[in-house]
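Start from chain V and add chain W according to the hints.
For the protein sequence lines, the chains are V and W, in the order given.
Start counting at 1 in the first sequence, then tack on 145, and there's your number in my numbering.
Start counting at 1 in the second sequence, then tack on 935, and there's your number in my numbering.
Hint data in this document are derived by calculation from the structure and do not stem from the laboratory.
Owing to the predicted nature of the structure, the values given are computational and were not obtained by experimental measurement.
Among the hints, erroneous ones may be present.
Unchecked claim - A few chain W residues facing chain V, derived, Cβ under 7 angstroms: (1) I958; (2) L961; (3) V984; (4) S988; (5) D1086; (6) L1089; (7) A1091.
Claimed, not checked - Simulated DEER-style distance windows between Cβ atoms: (8) W:L1051 to V:H484: 30 to 36 angstroms; (9) W:R1044 to V:A466: 36 to 42 angstroms; (10) V:R508 to W:T1005: 35 to 41 angstroms; (11) V:G529 to W:L1051: 14 to 20 angstroms; (12) W:L1069 to V:D501: 49 to 55 angstroms.
Glycine included, every Cβ here is placed at the ideal spot set by N, Cα and C.
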Amino acid sequence: MTPPLRGRDAIQRLLVIASLLATLPLLGAGAAPAATGAGGPQVSIAAVSGDQGHAFVYAQVTDTLGAHPAPPGSSPTAYYSRWEAVPVGAPGCPWLWLVYVYDRATNRQLNAPPPGLPTPYLPSTTFFCPGPRVSPVAGLQLAIAQARLDLDLVVGSSPVRPQAGSPVSISARLDGSVANDLGLLLSMAIGDWQIDGWRIEFGDGSQARLPGGSARNISTAHVYAAGAVYQARVVASISGIAQAAEYGPSGYPFLVRRSFAVQVANDRPVSVASASVQHVSPLIAAGVSPVIDGSGAPTSAGLRRIDVPRAELVDLYLRPAIVREGYRTLGGAFAGWAHSTVTGWRYAGSLGSAPDRVIPDARWLQVEAPLGVQWDRPDLVLGGQAQDYVVRLQLRVAVRYPDGVAADLTVTATVGIGVRYAAQNE
Amino acid sequence: MRGGGRGQSLLYVVVLMPALLLILALSVEIALLQVTGLRLRSALDLASVGGASVVDTTYYSQTGSLRLDTHRSPLAAREILARNLTGLGAGRRAALSAEITVLNDVPGRDPYSGALLDRPAVCIRAHLPVDAGLLRLIGAPAWLTLTRTADAELRA
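Chain V extracted, bound-state conformation:
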């Protein structure tokens, strides 16, 4: 005969066994399997995967032939219990029996409720309605116990309106709630489950896998190449163990463990806007390292202004300086640096007065090749002040942007040159 099940209102439930869940491993470790009724407990697991954000695991144990509640009085175990009848005043079943389980050696309570939960803590779905003088042990026993694991997966994305080419964060959070059933004869519990791994399908044909672990949430970044609405999907693989216990007439539990695996998935539409792409050119300055013709190798850093001796050929070696590297923007936001390389240079004229010799004239040079210049006249004098000549140099620059776009630029830079000569003083 099965007592009627009522609602989920904890106060309305008349629970006879407090949380023995914590004590089950201890009991199992310390006790040998006891003989059970004919056929023993039957454990069934139903793992229902879901792709709408919800999945379930049902575990059930039945033993229609078993009828051996835990015996009253003492038993040769390392634990003992204290039973307490409490009037709760509920109209349907006004009495509640609380059971406190202790370690016999230390007198420490083993089934203390987790902190923060209401007292009394009633983690069971099995209902009895005992009287104030008749403990539940003496009453009818249920031949069935059920446990349930509810899994809820929520998927999110950030920012709300991402742009193509910029990273989008796909996140997911998995919540799980367990309802165990602990009776005097049969108990069913799902006490151990974990996330084995995550799979994130971004909706554009790519996917990522993340390892499982104790964390119940993940986040990963992804860059969508084009604007569209993508269906991002997160799949979590979960496995665990359900444990059933049947208590024999001596009070020893007989344990049956079953493993289960389930997947829960959920989708999230990610609306990616097409972004305006802009490729910004680098800023490049030209410096030179001078060497008087045939007098050695250039050793200076790039100089923006140099002296040259009059009527002597000076070799100028290019020393380009990337003042600011090129970069790419998406919708006005920075989206990666470019890589610029100077591939050639040439003389492109002079302000003030042209050199009397330029070798090799205005042809393009390799970056390592020198440009020879020579002035046979002194600086221009304006307003009583000697003025540097301004030499214009053109640089060929190859730019590679992070999205693979290549550009060849011609950059003009200038170098100031002052002509010096030896003269006697009067």
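Just chain W now, with coordinates in the frame of chain V:
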């Protein structure tokens, strides 16, 4: 009267001509000294300019700025000085003994003339012994010494 006038003229010629010739010879001697002094000055100018044309190429390669080579610049100046004093009696000896200073730390003063210099410069002072010749007749020593200075700098 006429015979007496011829006698007076002869007397003038005999008495005054040697004095006039001596004065003329001394004038020529002094003029030669002036010319030698000018040649010495000219040679110093050329030598200083030549020395100020020898730049420190290592420093230039490192900085792009010009200054004088403290080793090669005096050598070049001395060689130019020697070549331009050739033919002047003790000219070579004067070139070898000439004082030459390369001034890269500017502004600074010419150690020989005291002139203020604000660019890298070569400063030279030379002493040239000259035979006093007929000037000894008026009490000059047998050898006179002409001393001249010059400097040249790197200008813009």
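A quick look at each hint next to the structure:
Taking 7 angstroms as the C-beta cut-off, the interface hint given for I958 (chain W) is violated, the closest approach to chain V being about 34 angstroms. The criterion of a C-beta within 7 angstroms of any C-beta in chain V is not met by L961 (chain W), whose closest approach is roughly 31 angstroms, and the hint is violated. Annotation: V984 (chain W) was flagged as interfacial toward chain V, and the flag holds, the nearest CB pair being 5 angstroms apart, inside 7 angstroms. Look at S988 (chain W): its Cβ gets to within about 4 angstroms of chain V, closer than 7 angstroms, so that hint holds up.
For the restraint placing D1086 (chain W) at the interface with chain V, the shortest Cβ-Cβ distance is roughly 5 angstroms, inside the 7 angstroms limit, so the hint holds. A hinted interface residue such as L1089 (chain W) counts as satisfied when its beta carbon comes closer than 7 angstroms to some beta carbon of chain V; here the least separation is about 5 angstroms, so the hint holds. Interface restraint check for A1091 (chain W): the shortest CB-CB distance to chain V comes to about 4 angstroms, inside 7 angstroms, so the restraint holds. At about 53 angstroms, the CB distance of L1051 (chain W) to H484 (chain V) disagrees with the hint of 30 to 36 angstroms.
Taking 36 to 42 angstroms as the suggested C-beta distance range, the pair R1044 (chain W) and A466 (chain V) conforms, at roughly 40 angstroms. A hinted range of 35 to 41 angstroms for the beta carbons of R508 (chain V) and T1005 (chain W) is consistent with their spacing of about 39 angstroms. In this structure the supplied range 14 to 20 angstroms holds for G529 (chain V) paired with L1051 (chain W), their Cβ-Cβ distance being about 19 angstroms. The hinted range of 49 to 55 angstroms is satisfied by L1069 (chain W) and D501 (chain V), whose Cβ atoms lie roughly 53 angstroms apart.
Of the numbered hints listed earlier, those contradicted by the structure are 1, 2, 8.
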